[in-house]
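J.: Residue strings, one per chain:
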Amino acid sequence: MWLVFLKEIKELVRDKKTLFFMIALPMIVFPLIIGGVAWFSGKALQEAQTKTLSYSIVGGQLAPEVTQHLDSENGFELVSMPAESNFKEWIKAEKADFVIVIPDNYGANPLETGQIKIQVYLNDANLNMVEDRLNAIVGKIADQNQQFAFDELGLNEAQQQALIHPIVLEKVDIADKRESIGQKIGGFIPYFIFILCLQGAMIPATDLGAGEKERGTLETLLISPIERHKLVLGKFITIGFAGVVSALVTVVSMAVWGIVLSQGMAIELVADFMGSISIIDFILMFLMLVPVVAIFAAVLLSLSIYARTFKEAQGYMTPLVMIVIVPVVLSMLPGVELKGVWAWVPLTNVALAIRELIKGTMDYMQLVAIFGSTAIIAGLLLAFCVYWFNQEKVLFR
Amino acid sequence: MISISHLAKKFAVENPKKLSEQEKKDPRLKGRYFHSVKDVSFSCEKGEVLGLLGPNGAGKTTTLRMLSTALKPDGGDIVLEGVNVVSDPLLARKKIGFLSGSTGLYAKLTGRENITYFGQLHGMRPDIIKQKINELADTLDLHSFLDRRCANYSTGMKQRIAIARTVVHEPNVVILDEPTTGLDIMATQTVLNFIRGLKNSGVPVIFSTHHLAEVDELCDRVTVINHGLTEFDDTISAFRDLAPQSMHQAFLHTLKQDV
Numbered sequence: 001m002w003l004v005f006l007k008e009i010k011e012l013v014r015d016k017k018t019l020f021f022m023i024a025l026p027m028i029v030f031p032l033i034i035g036g037v038a039w040f041s042g043k044a045l046q047e048a049q050t051k052t053l054s055y056s057i058v059g060g061q062l063a064p065e066v067t068q069h070l071d072s073e074n075g076f077e078l079v080s081m082p083a084e085s086n087f088k089e090w091i092k093a094e095k096a097d098f099v100i101v102i103p104d105n106y107g108a109n110p111l112e113t114g115q116i117k118i119q120v121y122l123n124d125a126n127l128n129m130v131e132d133r134l135n136a137i138v139g140k141i142a143d144q145n146q147q148f149a150f151d152e153l154g155l156n157e158a159q160q161q162a163l164i165h166p167i168v169l170e171k172v173d174i175a176d177k178r179e180s181i182g183q184k185i186g187g188f189i190p191y192f193i194f195i196l197c198l199q200g201a202m203i204p205a206t207d208l209g210a211g212e213k214e215r216g217t218l219e220t221l222l223i224s225p226i227e228r229h230k231l232v233l234g235k236f237i238t239i240g241f242a243g244v245v246s247a248l249v250t251v252v253s254m255a256v257w258g259i260v261l262s263q264g265m266a267i268e269l270v271a272d273f274m275g276s277i278s279i280i281d282f283i284l285m286f287l288m289l290v291p292v293v294a295i296f297a298a299v300l301l302s303l304s305i306y307a308r309t310f311k312e313a314q315g316y317m318t319p320l321v322m323i324v325i326v327p328v329v330l331s332m333l334p335g336v337e338l339k340g341v342w343a344w345v346p347l348t349n350v351a352l353a354i355r356e357l358i359k360g361t362m363d364y365m366q367l368v369a370i371f372g373s374t375a376i377i378a379g380l381l382l383a384f385c386v387y388w389f390n391q392e393k394v395l396f397r
Numbered sequence: 001m002i003s004i005s006h007l008a009k010k011f012a013v014e015n016p017k018k019l020s021e022q023e024k025k026d027p028r029l030k031g032r033y034f035h036s037v038k039d040v041s042f043s044c045e046k047g048e049v050l051g052l053l054g055p056n057g058a059g060k061t062t063t064l065r066m067l068s069t070a071l072k073p074d075g076g077d078i079v080l081e082g083v084n085v086v087s088d089p090l091l092a093r094k095k096i097g098f099l100s101g102s103t104g105l106y107a108k109l110t111g112r113e114n115i116t117y118f119g120q121l122h123g124m125r126p127d128i129i130k131q132k133i134n135e136l137a138d139t140l141d142l143h144s145f146l147d148r149r150c151a152n153y154s155t156g157m158k159q160r161i162a163i164a165r166t167v168v169h170e171p172n173v174v175i176l177d178e179p180t181t182g183l184d185i186m187a188t189q190t191v192l193n194f195i196r197g198l199k200n201s202g203v204p205v206i207f208s209t210h211h212l213a214e215v216d217e218l219c220d221r222v223t224v225i226n227h228g229l230t231e232f233d234d235t236i237s238a239f240r241d242l243a244p245q246s247m248h249q250a251f252l253h254t255l256k257q258d259v
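Residue numbers (UniProt numbering), protein chains in the order written: chain A, 1 to 397; chain B, 1 to 259.
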């Protein structure tokens, strides 16, 4: 059995294509792509922030403060617009980035003027920071006006506060930080890990079954005096091992890159969060993945050996990704919790348990159900795999 | 020695309507089953070489696959030196060296590693495998490419490695399915010399072929299969006597066809 395992691993390691998909892709290529996207979008935002915006103003004489501020502020350029022109056409013709219209009731005392609505015409479909940047200018004036009104009314500090927000809802979260973050990301993580395990196992699985058939080495292997179940186990362990390794590589590389790329506040949060999960919980998560990977490996190997060719095998395996999503989505449904029947639903229960472990609210008694049901299913699938490997109609199709 | 008696094998036909007109005419198709091999018998003594002849689709490969224990016969018996191959395949596998017609090598491994893997599967000790590979490399002329990866081998190189792999565990009988098909003249000669070597060391060899010249050169016995039945099973001289002019005539004679 180990003989088969060692030989398959040796072949795997020598296959540059497989190694690329299993290690280089998650470790270097994906972070590069994600990092690249983040860098470009950050740069685009920055550009929008600092880009010089051209504008036209209607009724500027009503609000000298606003025009003055816009003038003195860097990054705004006034374009005079002929009277009676259509704002829409004006902006469409790229004569100005935006047009502001000052209403007639503009004034410095809110008690007299009432609320003032300044209209801004712009093409908001494109990435822009017009609103933010205008708010920064108008906000200052508004604050001054507000303060002026408060002084006029002779309100003290507390009254001013109460007037701004007469009633405030104060949320007191009894869930600790870990639990609330865990609930948010805990549903997503098992999904991610399941797919990674499946993907990582898929490449060698195709090679070990259908590949062997296609290259004509299977027949010779079958008539060598090794018992069939040992042959199956050797291949099965290889596939499972590849699945776990590729998932680990991805997770570790994500962690490393996350630390490298993020700075300051965010990283502290992540570090605190990770620190609050005990080593035992991490080990439990890993242990629970073992029967899950076993299920994947058994299914993949059965499909692979049934297929006549590489291509056929890939055709059978692709829909599996869709199927795996179902139990994970079930675990994210509201009301689905790790107890009763749900603790016995394979894959769903592991997804739920990973979330509970991340949240720190795990009911450890449920582990019996989780390991029980997952191991039974994995065992049955493996037994099926051995039976499958003994069928002439499967091997010589 | 190895003897085969009344071997039979049928395959379930998944969808009989899908078969071509010609396949439907085959007398071996009965209802939902295709009787690929109906009744094949022959035997091969120590030091004998048996040539298995027959048209394409006659049942040669199925017969040899049953001999190699890859397929389980539906009827009949295979006895190899007192061991019943059908009822005790695991024991028989250690005594049989089989080279299938569509055999391949693990392209990512070197020739030596390919041979070693199968030696290990046969439970051989590492030092013995090493020694045996050296021996085989001499007879089959493998030295120049033994430690290169199989991916870039030529057909002849692959076939010679495959043959070495077949006999690494010193089998008591060697079965070769069309071992010379697709090889150039030199490689063919190496294979034929190797069969001769096996014969001289007393190992019975059964091989299927379409080249009557090889049969003429090497074989002691000839078996002709057609439509899953043994049409001829006797010595090479009896085969030659069927039509003194040429081997091809003799072969066609066994198929009851005229030229």
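Warning: the hint list may mix true and false statements.
[As the list claims (entries may be wrong)] Straight-line Cα separation of at most 30 Å, DSSO-like style, residue types lysine-lysine; simulated pairs:
no.	chain 1	residue 1	chain 2	residue 2
1	A	K16	B	K25
2	B	K25	A	K393
3	B	K132	B	K108
4	B	K132	A	K311
5	B	K24	A	K393
[To be verified] Cβ-to-Cβ under 7 Å is the rule here; a few derived chain B residues that face chain A:
no.	residue
6	S68
7	L71
8	G75
9	L90
10	R93
11	S100
12	Q120
13	F145
14	R148
[As the list claims (entries may be wrong)] Away from chain A, derived, C-beta distances all over 12 Å, residues of chain B:
no.	residue
15	A8
16	K25
17	D26
18	R28
19	S41
20	A137
21	I175
22	S201
Keep in mind that the hints were calculated from the coordinates and are not lab data.
The model shown is predicted, which means the values in this text are computed figures rather than measured ones.
Beta carbons are placed, not taken as given, at the ideal position from N, Cα and C, and that holds for glycine.
J.: So, for every hint listed, does it hold in this structure?
T.: Checked hints:
1. A:K16 with B:K25: 49 Å, violated
2. B:K25 with A:K393: 23 Å, holds
3. B:K132 with B:K108: 22 Å, holds
4. B:K132 with A:K311: Roughly 38 Å separates the two Cα atoms, so the pair is violated.
5. B:K24 with A:K393: 21 Å, holds
6. S68: 5 Å, holds
7. L71: With a closest approach of 6 Å, the B:L71 hint holds.
8. G75: 15 Å, violated
9. L90: 6 Å, holds
10. R93: OK, holds: B:R93 within 7 Å of chain A, min 4 Å.
11. S100: 5 Å, holds
12. Q120: Hint holds; B:Q120 Cβ to chain A Cβ min 5 Å, cut 7 Å.
13. F145: 17 Å, violated
14. R148: Violated, because the Cβ-Cβ distance from B:R148 to chain A comes to roughly 13 Å (cut-off 7 Å).
15. A8: 14 Å, holds
16. K25: Given a closest Cβ separation of 24 Å, the condition holds.
17. D26: 19 Å, holds
18. R28: 17 Å, holds
19. S41: Non-interface label stands for B:S41: nearest chain A Cβ at 22 Å, farther than 12 Å.
20. A137: The claim stands: B:A137 keeps its Cβ more than 12 Å from every Cβ of chain A (closest is about 19 Å).
21. I175: Label violated. Min Cβ-Cβ 10 Å, cutoff 12 Å.
22. S201: 22 Å, holds
Consistency note: the structure conflicts with the earlier hints numbered 1, 4, 8, 13, 14 and 21.
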